[in-house]
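There are 2 protein chains.
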Amino acid sequence: MKNVKYGKCTRCGKTYEAVPDLTVCECGGILDIEYDYGYIKTRLTKEALAGRGERSMWRYKELLPVEESTAPTPLRVGWSPLYEESRLAEQLGLKRLWVKDDGQNPTASLKDRASAMAVAKALEAGADVIACSSTGNAASSLAGNAAAAGLKTYIFVPSRAPKGKVAQLMTFGATVVSVQGSYEETFELSKAAIEKWGWYNRNAAINPYLSEGKKTVALEIMEQLDWQVPDYIAISVGDGCTIAGLWKGLKDLHAIGFIDRLPRLISAQAEGCCPLNRAIETGEPWRPMEENTLADSIAVGVPRNADKALNAIRESNGLTVNVSDAEIMAAQKLLGRTCGVFGEPAGVTGTAGVKKLCEAGVIGRNDTVVSVVTGNGLKDVANAIAACGEPITIPGDMEHLLSAFAEKGIAVD
Amino acid sequence: MKNVKYGKCTRCGKTYEAVPDLTVCECGGILDIEYDYGYIKTRLTKEALAGRGERSMWRYKELLPVEESTAPTPLRVGWSPLYEESRLAEQLGLKRLWVKDDGQNPTASLKDRASAMAVAKALEAGADVIACSSTGNAASSLAGNAAAAGLKTYIFVPSRAPKGKVAQLMTFGATVVSVQGSYEETFELSKAAIEKWGWYNRNAAINPYLSEGKKTVALEIMEQLDWQVPDYIAISVGDGCTIAGLWKGLKDLHAIGFIDRLPRLISAQAEGCCPLNRAIETGEPWRPMEENTLADSIAVGVPRNADKALNAIRESNGLTVNVSDAEIMAAQKLLGRTCGVFGEPAGVTGTAGVKKLCEAGVIGRNDTVVSVVTGNGLKDVANAIAACGEPITIPGDMEHLLSAFAEKGIAVD
Chain A
38 MKNVKYGKCT RCGKTYEAVP DLTVCECGGI LDIEYDYGYI KTRLTKEALA
88 GRGERSMWRY KELLPVEEST APTPLRVGWS PLYEESRLAE QLGLKRLWVK
138 DDGQNPTASL KDRASAMAVA KALEAGADVI ACSSTGNAAS SLAGNAAAAG
188 LKTYIFVPSR APKGKVAQLM TFGATVVSVQ GSYEETFELS KAAIEKWGWY
238 NRNAAINPYL SEGKKTVALE IMEQLDWQVP DYIAISVGDG CTIAGLWKGL
288 KDLHAIGFID RLPRLISAQA EGCCPLNRAI ETGEPWRPME ENTLADSIAV
338 GVPRNADKAL NAIRESNGLT VNVSDAEIMA AQKLLGRTCG VFGEPAGVTG
388 TAGVKKLCEA GVIGRNDTVV SVVTGNGLKD VANAIAACGE PITIPGDMEH
438 LLSAFAEKGI AVD
Chain B
38 MKNVKYGKCT RCGKTYEAVP DLTVCECGGI LDIEYDYGYI KTRLTKEALA
88 GRGERSMWRY KELLPVEEST APTPLRVGWS PLYEESRLAE QLGLKRLWVK
138 DDGQNPTASL KDRASAMAVA KALEAGADVI ACSSTGNAAS SLAGNAAAAG
188 LKTYIFVPSR APKGKVAQLM TFGATVVSVQ GSYEETFELS KAAIEKWGWY
238 NRNAAINPYL SEGKKTVALE IMEQLDWQVP DYIAISVGDG CTIAGLWKGL
288 KDLHAIGFID RLPRLISAQA EGCCPLNRAI ETGEPWRPME ENTLADSIAV
338 GVPRNADKAL NAIRESNGLT VNVSDAEIMA AQKLLGRTCG VFGEPAGVTG
388 TAGVKKLCEA GVIGRNDTVV SVVTGNGLKD VANAIAACGE PITIPGDMEH
438 LLSAFAEKGI AVD
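From first to last, the protein sequence lines are chains A and B. With positions in the first sequence counted from 1, the corresponding number in the numbering used here is that position plus 37. With positions in the second sequence counted from 1, the corresponding number in the numbering used here is that position plus 37.
In short, the hints are calculated from the structure, not lab data. Mixed in with the good hints there might be a few duds.
The list cannot tell twin chains apart, which means a pair is met if one copy fits it or any two copies do.
Said to hold, decoys possible - Calculated lysine-lysine pairs in the DSS-like style (CA-CA distance at most 30 Å, straight line):
1. Lys288 with Lys233
2. Lys42 with Lys393
3. Lys189 with Lys393
4. Lys98 with Lys83
5. Lys78 with Lys132
6. Lys200 with Lys233
7. Lys189 with Lys132
8. Lys189 with Lys445
9. Lys83 with Lys445
10. Lys288 with Lys39
11. Lys200 with Lys370
12. Lys78 with Lys370
Work out the full structure: start from the sequences and follow the hints.
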């Protein structure tokens, strides 16, 4: 890889050759992939990008840690829509607001970006089995992207994972182990199994290439905004890998001169599980929390990418915001009704955070904001119905319809 | 609309000015939109298309029945991926096979194409309320596309509609009436309510513009194949509007000289509900059937677009194939495991039909086939889990993992 220098430990600074099955530093620290931006600048221009037909995350190959000969993975991951939401901006009192709907990915979450990268690197490594633990989306995205590439998967999920994600896993033919315990226990079992059987490791806290896949969401946002930098980008935070990837993408673009400043990040967590935000807010090291939120994808009491995530929030002079489950459910309805975007609970947590910061007057009239929706609401139908209620159910005649409308106070005109 | 001549009755041939709220002929026949292909040829070339940045169904505006001044609807509908599936082709014994994953649409089904068209025409008509009846996908797509455009919706679904689709409707803020009865009874109630309150009508059997939206799936397939015509295009058939739209798109392309021949259609229905295929197979007029299939989106005992659908199958010298629920579930697993594509039961019925025709030796080694997956499996999680089973569930330790693997006969190497 001519564009990559090495993997560098975020804790002790030790560097490692960027082999395909790179994991963590001997000190236990997570590695960060470092690039030769000088070389990349000679290969990638805004004009070249604009002329490219490829509409997937592989559009940005010069900024990705893969061999030049590595083919794009089979499923079409990335290039999700960025919608300008004028009505929602007005409701919230923002200057401009965009929603990046990353539920529009092959397996319906942002995690497809990391999983496609894992598949590409596993193929480079000559592996034919990949494994991971996940709250659900990393799992289903890995199962789908691997199946399309002809690779076998072993997946570990906590038993609380919503049915939609489990249905995806089973359909994609993964061997699925549902662990009766927390995400932490699930992670530890996957780690032990991966060590025992030597599978290619897609755990985002161990494999340094995954946040490089996730960073493509930032590359797309900026290209879709024609390189005009917003004031804030809001995203939900669980394990920490996604916000770290987002920040990495922004810094890459800054390093090669595609953008002239950096936005501030908004780190949105659930009140019932916000160890990273609490660390920022208190200035103390992060400490484990219970996993008390219906937003299953970010119910991560022991975040595995804490170092990279905390660094991203701090470096960007970012904001933190913690929202209740009720605020998450309200944001789900708000996005559905106003924008036609249906996000899962963790998917809309960034937007819930934006709303809360607007109401608190922290951000407002002069600010431009991008809110990333990280997963599709179809993954967790039970919570959506709990948030939005059941339909009117009647026999098929006009008489029943009229009385139902009257009873519910629905005035038709 | 300079590109449109008029709406013409498919039954009696009477023509109507193409106003935005056009419905059916006075004889009860469904109208077909007729174009001025001579005019369109002066406006649309393959080269012009290739240079277009728009990656949505509105890319083909010259072939669509909207005013030149009508803006694309807000959600990004269309330009879904077309995957070449070499491994599946080999398994089935086909020369080449492509899967068009139309579950990759904003509300996760092909119906978004029709609903976006309905929203565009409702806006042209100055309407602020749209209504429809639907087995589920037309409903959720209308609710989502309308919400994004700031329009109100009234939706009628049979109470059997899967929870995923209902969750979408409620999240998008539709007023939803769940009818305790068949699709036919649901349709009749919606018709009565639409007449009573004068809402813009998105019923595909009444509004002639909707199949014009659906036809964009054919335009995309052909452009994605670089205008090389496959031998067959397979699709599931319920109401009949989708296969009619598919055929209309192909004929449009033939009429303007973009393709030099037409493929044969494969009409796939469920054994327990195949009134249209039965009409083709027996040569008799279609007769209602019960709605005995788990593929809810095509469980249509009284198809409302029978005329257009039967005409499409016959004109294309098409094949019919009826598949059992077990064959549908097997196709769901096959697509998941081999292609990483997760379709809902009706969504994979076309592929189930292709498999059955391959096994029967009707199509094979010399044939090239496109199979359209019309909706995402996340819409109907219960049936996916029924098809693919539940995961291994254990406490989080290696001992339990080893005994579970041994018990299930999973040999890890």
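To see whether the hints hold, each was checked on the structure:
no.: 1; hint: Lys288 with Lys233; result: neither (37 Å within a copy, 58 Å between copies)
no.: 2; hint: Lys42 with Lys393; result: neither (41 Å within a copy, 52 Å between copies)
no.: 3; hint: Lys189 with Lys393; result: between (43 Å within a copy, 27 Å between copies)
no.: 4; hint: Lys98 with Lys83; result: both (13 Å within a copy, 28 Å between copies)
no.: 5; hint: Lys78 with Lys132; result: neither (33 Å within a copy, 43 Å between copies)
no.: 6; hint: Lys200 with Lys233; result: within (29 Å within a copy, 40 Å between copies)
no.: 7; hint: Lys189 with Lys132; result: between (47 Å within a copy, 26 Å between copies)
no.: 8; hint: Lys189 with Lys445; result: between (51 Å within a copy, 17 Å between copies)
no.: 9; hint: Lys83 with Lys445; result: neither (55 Å within a copy, 53 Å between copies)
no.: 10; hint: Lys288 with Lys39; result: within (19 Å within a copy, 49 Å between copies)
no.: 11; hint: Lys200 with Lys370; result: both (21 Å within a copy, 17 Å between copies)
no.: 12; hint: Lys78 with Lys370; result: neither (43 Å within a copy, 45 Å between copies)
Checked against the numbered hints above, the structure violates hints 1, 2, 5, 9, 12; every other hint is satisfied.
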